[in-house]
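K.L.:
Here are the chains, one letter per residue:
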Amino acid sequence: MLTLTKDRALALALLLIVAVMWRESGSIAPPTSWQPYGSALFPRILLVVIGVFSLLILVRSLLVKVPERAGAKQLIHEWFQSRRTILALFLLFGLYAALLPVVGYIAATIGFLVASLALLMGINTRRKWMINLTLSCTLAIVIFVVFRYGLNVWLP
Amino acid sequence: MTNFFLQALAEVGTPSVLGLITIGVLFGIIGGSIPGFTVTMAILVVFPFTFAMDPVSGVSLMVGVFVGGYSGGIVSGVMLGIPGTPSSITTVYDGYPMAQKGEPGRALGIGVASSFLGTLISVAVLVFFGPLIANFSMNFRPWEITALIVFALTLVAGLSSGALLKGLMAAALGLLITTVGYDRNSNLRFDFDLPAMGSGFEILPVMIGIFAFSQLLGNIEKLKDEKSEAKKIDTNVTIPYGQILKDMAGQKLNTLRSSLIGSLVGALPGTGGTVANFLSYDQAKKFSRRPEEFGTGIPSGIVASEASNSAVAGGAFVPTLALGIPGDLPMAIMMGVLILHGITPGPMMFEQNPVLVGAIYASLLIGAVVMVLCNLLLVRWFAKISLIPQQILVPVVLMLCAIGAYALNNNLFDIWVLFIFGIIGYLLWKAEVPLTPLILGVVLGDNLERQLFRALELNESWMTFLTRPLSALFLALAVASILFSLYQDRKIQRLKNAASRENI
Numbered sequence: 001m002l003t004l005t006k007d008r009a010l011a012l013a014l015l016l017i018v019a020v021m022w023r024e025s026g027s028i029a030p031p032t033s034w035q036p037y038g039s040a041l042f043p044r045i046l047l048v049v050i051g052v053f054s055l056l057i058l059v060r061s062l063l064v065k066v067p068e069r070a071g072a073k074q075l076i077h078e079w080f081q082s083r084r085t086i087l088a089l090f091l092l093f094g095l096y097a098a099l100l101p102v103v104g105y106i107a108a109t110i111g112f113l114v115a116s117l118a119l120l121m122g123i124n125t126r127r128k129w130m131i132n133l134t135l136s137c138t139l140a141i142v143i144f145v146v147f148r149y150g151l152n153v154w155l156p
Numbered sequence: 001m002t003n004f005f006l007q008a009l010a011e012v013g014t015p016s017v018l019g020l021i022t023i024g025v026l027f028g029i030i031g032g033s034i035p036g037f038t039v040t041m042a043i044l045v046v047f048p049f050t051f052a053m054d055p056v057s058g059v060s061l062m063v064g065v066f067v068g069g070y071s072g073g074i075v076s077g078v079m080l081g082i083p084g085t086p087s088s089i090t091t092v093y094d095g096y097p098m099a100q101k102g103e104p105g106r107a108l109g110i111g112v113a114s115s116f117l118g119t120l121i122s123v124a125v126l127v128f129f130g131p132l133i134a135n136f137s138m139n140f141r142p143w144e145i146t147a148l149i150v151f152a153l154t155l156v157a158g159l160s161s162g163a164l165l166k167g168l169m170a171a172a173l174g175l176l177i178t179t180v181g182y183d184r185n186s187n188l189r190f191d192f193d194l195p196a197m198g199s200g201f202e203i204l205p206v207m208i209g210i211f212a213f214s215q216l217l218g219n220i221e222k223l224k225d226e227k228s229e230a231k232k233i234d235t236n237v238t239i240p241y242g243q244i245l246k247d248m249a250g251q252k253l254n255t256l257r258s259s260l261i262g263s264l265v266g267a268l269p270g271t272g273g274t275v276a277n278f279l280s281y282d283q284a285k286k287f288s289r290r291p292e293e294f295g296t297g298i299p300s301g302i303v304a305s306e307a308s309n310s311a312v313a314g315g316a317f318v319p320t321l322a323l324g325i326p327g328d329l330p331m332a333i334m335m336g337v338l339i340l341h342g343i344t345p346g347p348m349m350f351e352q353n354p355v356l357v358g359a360i361y362a363s364l365l366i367g368a369v370v371m372v373l374c375n376l377l378l379v380r381w382f383a384k385i386s387l388i389p390q391q392i393l394v395p396v397v398l399m400l401c402a403i404g405a406y407a408l409n410n411n412l413f414d415i416w417v418l419f420i421f422g423i424i425g426y427l428l429w430k431a432e433v434p435l436t437p438l439i440l441g442v443v444l445g446d447n448l449e450r451q452l453f454r455a456l457e458l459n460e461s462w463m464t465f466l467t468r469p470l471s472a473l474f475l476a477l478a479v480a481s482i483l484f485s486l487y488q489d490r491k492i493q494r495l496k497n498a499a500s501r502e503n504i
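Those sequence lines, one after another, are chains A and B. Counting with full-length UniProt numbering, you get residues 1 to 156 for the letters of the first sequence. Counting with full-length UniProt numbering, you get residues 1 to 504 for the letters of the second sequence.
These aren't lab readings, by the way, just hints derived from the structure by calculation. Glycine included, every Cβ here is placed at the ideal spot set by N, Cα and C. Any given hint could be a false lead.
Unchecked claim - Chain A is nowhere near these chain B residues, computed Cβ spacing over 12 angstroms in every case:
no.: 1; residue: Thr14
no.: 2; residue: Gln283
no.: 3; residue: Cys401
no.: 4; residue: Gly445
no.: 5; residue: Ala472
no.: 6; residue: Lys491
Claimed, not checked - The following label-pair restraints were derived from C-beta to C-beta distances:
no.: 7; chain 1: A; residue 1: Val48; chain 2: B; residue 2: Asn410; range: 34 to 40 angstroms
no.: 8; chain 1: B; residue 1: Glu457; chain 2: A; residue 2: Ile17; range: 26 to 32 angstroms
no.: 9; chain 1: A; residue 1: Asn124; chain 2: B; residue 2: Leu194; range: 27 to 33 angstroms
no.: 10; chain 1: A; residue 1: Leu99; chain 2: B; residue 2: Leu194; range: 44 to 50 angstroms
no.: 11; chain 1: B; residue 1: Val369; chain 2: A; residue 2: Ser82; range: 37 to 43 angstroms
no.: 12; chain 1: B; residue 1: Gly342; chain 2: A; residue 2: Trp154; range: 20 to 26 angstroms
no.: 13; chain 1: A; residue 1: Ile17; chain 2: B; residue 2: Tyr241; range: 35 to 41 angstroms
no.: 14; chain 1: A; residue 1: Asn124; chain 2: B; residue 2: Lys246; range: 51 to 57 angstroms
no.: 15; chain 1: A; residue 1: Leu95; chain 2: B; residue 2: Lys101; range: 49 to 55 angstroms
Unchecked claim - Below, a list of computed lysine-lysine pairs in the BS3-like style, where the Cα atoms sit at most 30 angstroms apart:
no.: 16; chain 1: B; residue 1: Lys285; chain 2: A; residue 2: Lys6
no.: 17; chain 1: A; residue 1: Lys6; chain 2: B; residue 2: Lys496
no.: 18; chain 1: B; residue 1: Lys222; chain 2: B; residue 2: Lys384
no.: 19; chain 1: B; residue 1: Lys246; chain 2: B; residue 2: Lys222
no.: 20; chain 1: B; residue 1: Lys491; chain 2: A; residue 2: Lys73
no.: 21; chain 1: A; residue 1: Lys65; chain 2: B; residue 2: Lys246
no.: 22; chain 1: B; residue 1: Lys285; chain 2: B; residue 2: Lys491
no.: 23; chain 1: B; residue 1: Lys246; chain 2: A; residue 2: Lys6
no.: 24; chain 1: B; residue 1: Lys496; chain 2: B; residue 2: Lys430
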């Protein structure tokens, strides 16, 4: 069985994206009588270019001998395992984006900063807790004041 | 010329703008001092603060960050032996040994003085060549501009460290991102039935997402691998002014050569501070009577490194202002700032917005002076700031990125755009796809499509691109840059194979 490498995963993902977008480009309005070329031409040229390059990356990756490793499922599992902190940070950012309109800038920002600083710095000592809370609250409020009163930009 | 420059100087010379330049320089130095933060990240973080400003104030602030950022790498390079930005790698070669010999103040002083002179020389290059190139490119029609953009993209993709295929693919992907939403004919493309996508993606959340997430999360990953020990450094630095004047007096040719290399490299698309840094260090070594002393802590090494990377700032403005083609990532963001303030960089900018062009020149000059003062007066503090851990920096910068994306249009959709492109950027970075061509594709996509179809509306034949001399020249250069990269890739591969055979 073929081993899933970075290049193979990249090429396959891009080919899938190209296929989906090519299909989607079919619903773009056709050119009118005064347009020599329609709105779909430019993206289709790019899709062909990306498709060709992805195929070349795939072919090249198949020509390189890779030592047999665990199956794709195992590799994906390992990938996720070794990047737990990064994934948790992404998750926290997603939550932050979702909570901003619900709880407002100050609460959401303090929540995001406290949680992500705790994730990265740890919270095993009283000092770390103090740094975390002081930094999160001060920064969130300072940024709010600068944007709201200094730059006249309303935050949610 | 003198008239608009004086007018610009009057606008930049107001206390509020001078204050903004100083804040920009300070933030740039701090950004450059913190290892892993980079000039680009400093520019991205400050960028949202320009939204509510008038163009001159916004651009002056950003120029300040630029000037400060390129010089900021000196502090961590000299004090910690870690380059604050990739463009100050060679500063470490001589700066750190000199500091270890007990002369950190001398190393910092030489670095700051060289940065200052490098910036001044690059401003002279910008003032002289910017209008010349802009004047010449006034004759460019849609065919030439299309071909020039294609050339710039292939050049940047080709320079993507042995990953030509991925670089070209990334550039095309960047261009594809700009096709989402309504096009020039008011036809909807790729909205995937999501009404928010109808207006397309704002360039900035896309750029910030792609670059910032990959960079910041990459730094976190590196932390896990390196587990660096807390460094104790002596921040009690004093600058020996007399010694530095003496050192610099013996480095006139080196300063001039390195600054010109920096300006030239900055003006080439796809290069930037890192390339300038290595190139001028190498040249300084070759021209030296005692090349064996390089790397042991000599002034020549620091001068070559710092004069060149600071000169990149002025040089990089040449293609951005004159042609509307940013040479590197910081310039792509700078172009975003100008576009946001309703100014389209390109040949017409010199005619339509001469005061703003003059304001950029003036801000660079003032920024250079402020940079010297800040560095000399506050160097102890910068040394302390350079120790801020990534664990604190990353969440704070991510939060600032989110607020910056939101503040652009007071639109929460832009934060989601930032998030999605953050994931995409991180995954592409993990797959070793170069991100600079991708970001340049995003910046240049709209213009490329507009110019391509304007050309085709004027003349339906695609052959016109090859029959017009300048357009054909740019396309030939694009092909040549790809072929050269292929040749280089093969050469690297052959060397690798030979090395592995020797190991066997």
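K.L.:
The structure should be examined with respect to each hint, and the outcome stated for every one.
P.N.:
Evaluation of the provided hints:
{"no.": "1", "hint": "Thr14", "in the structure": "holds, 17 angstroms"}
{"no.": "2", "hint": "Gln283", "in the structure": "holds, 36 angstroms"}
{"no.": "3", "hint": "Cys401", "in the structure": "violated, 9 angstroms"}
{"no.": "4", "hint": "Gly445", "in the structure": "violated, 9 angstroms"}
{"no.": "5", "hint": "Ala472", "in the structure": "holds, 20 angstroms"}
{"no.": "6", "hint": "Lys491", "in the structure": "holds, 17 angstroms"}
{"no.": "7", "hint": "A:Val48 / B:Asn410: 34 to 40 angstroms", "in the structure": "holds, 38 angstroms"}
{"no.": "8", "hint": "B:Glu457 / A:Ile17: 26 to 32 angstroms", "in the structure": "holds, 30 angstroms"}
{"no.": "9", "hint": "A:Asn124 / B:Leu194: 27 to 33 angstroms", "in the structure": "violated, 43 angstroms"}
{"no.": "10", "hint": "A:Leu99 / B:Leu194: 44 to 50 angstroms", "in the structure": "violated, 21 angstroms"}
{"no.": "11", "hint": "B:Val369 / A:Ser82: 37 to 43 angstroms", "in the structure": "violated, 48 angstroms"}
{"no.": "12", "hint": "B:Gly342 / A:Trp154: 20 to 26 angstroms", "in the structure": "holds, 21 angstroms"}
{"no.": "13", "hint": "A:Ile17 / B:Tyr241: 35 to 41 angstroms", "in the structure": "violated, 59 angstroms"}
{"no.": "14", "hint": "A:Asn124 / B:Lys246: 51 to 57 angstroms", "in the structure": "holds, 52 angstroms"}
{"no.": "15", "hint": "A:Leu95 / B:Lys101: 49 to 55 angstroms", "in the structure": "holds, 51 angstroms"}
{"no.": "16", "hint": "B:Lys285 / A:Lys6", "in the structure": "violated, 39 angstroms"}
{"no.": "17", "hint": "A:Lys6 / B:Lys496", "in the structure": "holds, 20 angstroms"}
{"no.": "18", "hint": "B:Lys222 / B:Lys384", "in the structure": "holds, 22 angstroms"}
{"no.": "19", "hint": "B:Lys246 / B:Lys222", "in the structure": "violated, 41 angstroms"}
{"no.": "20", "hint": "B:Lys491 / A:Lys73", "in the structure": "violated, 36 angstroms"}
{"no.": "21", "hint": "A:Lys65 / B:Lys246", "in the structure": "violated, 59 angstroms"}
{"no.": "22", "hint": "B:Lys285 / B:Lys491", "in the structure": "holds, 25 angstroms"}
{"no.": "23", "hint": "B:Lys246 / A:Lys6", "in the structure": "violated, 54 angstroms"}
{"no.": "24", "hint": "B:Lys496 / B:Lys430", "in the structure": "holds, 22 angstroms"}
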